[in-house]
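Colleague: From first to last, the protein sequence lines stand for chains C and G.
When the first sequence is numbered by the working numbering, its final residue is 93 and no position is left out of the sequence of numbers.
When the second sequence is numbered by the working numbering, its final residue is 157 and no position is left out of the sequence of numbers.
Honestly, the hints are just simulated from the structure, not real lab data.
In this text, all values refer to a predicted model and were calculated from it rather than measured experimentally.
Quick reminder that beta carbons are idealized off the backbone N, C-alpha and C, glycines included.
Please note that the accuracy of each hint is not assured.
[To be verified] Using C-beta positions, here's what the derived DEER-type ranges look like:
1. G:GLY41 / C:ASP21: 54 to 60 Å
2. C:GLY34 / G:GLY47: 26 to 32 Å
3. C:GLY67 / G:ASP31: 34 to 40 Å
4. C:SER2 / G:MET129: 33 to 39 Å
5. C:GLY52 / G:ARG2: 21 to 27 Å
6. G:GLY89 / C:ALA69: 51 to 57 Å
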Amino acid sequence: MSSTFDTIANIIAETCDIPRDSITPESHAINDLGIDSLDFLDIAFAIDKAFGIKLPLEQWTQEVNDGKATTDQYFVLKNLAARIDELVAAKGA
Amino acid sequence: MRLEYFQLIDRVTDLNLADRTIRTEATVPQDSTVFEGHFPGYPLMPGVLLVETMAQSSGWLVVAVNKFERMPFLAAVKDAKFRTFVLPGQVLQVTASVEHDGSGYAITNAKITSAGKPICDATLTLRVMPFPNGEIRQHMCDQAARLGVPSVETAHG
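Model the full structure from these sequences, guided by the hints.
Modeller: See below:
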């Protein structure tokens with residue numbers, strides 16, 4: 001069974017035509033991989049489907065805009081994977 | 001259709017909030033300046049306006065699903081296929097369904113038929129955002145009433 005990170009990385013590689021081996025857990029989806037907000041909607045859709053969750057993108061954006069969080073917390077891929085694992089766990093609770 | 005006002009939908013014939021589906025209808029006008037250029041002596045409904053027809057149908061569905069509290073904006077069109085020509089005067093039936101209701105966006109599948117024959121289909125991405133201001137929300141509510149969009153209370157589901 002592939003890890004959450006591997007699933008995300010595969011989705012990004014396929015959705016945005018980014019070489020898979022250039023995507024690491026430390027990659028920042030926006031700053032390092034150059035993914036824009038529209039492409040991220042495609043990624044969010046694929047993640048929502050793959051994990052059966054609903055990424056709270058609006059909440060995350062609001063927190064970043066309000067200075068309560070940094071983009072690193074949600075868009076560095078290892079952190080995104082951790083957030084997804086939390087959402088999956090919360091769904092099963 | 002009132003092409004000059006970019007109103008591509010004539011009426012909403014069914015709205016099912018439980019299934020998150022909508023059916024709308026539109027008649028292509030016999031005369032329009034659009035047909036003077038597309039094409040002279042050979043009038044055809046432009047494919048981009050068929051996309052807009054699917055987008056507006058999807059939009060009314062998404063705005064109703066969001067209880068008229070948020071407004072959808074077309075963000076992406078995927079897998080659009082135009083299967084046959086559409087002529088002036090033709091009556092179109094449009095269906096759309098929400099494939100995914102995400103955070104701040106929705107994905108819909110839409111298609112147009114005419115007399116049972118497939119015309120076009122596409123998958124649309126809509127950003128779903130707060131209304132820019134109260135006036136636009138009121139305008140949308142007025143348009144919804146004109147088109148016969150059932151109120152949230154009376155829609156199916």
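Colleague: Which of the stated hints cannot be reconciled with the structure, identified by number in ascending sequence?
Modeller: 3 and 5
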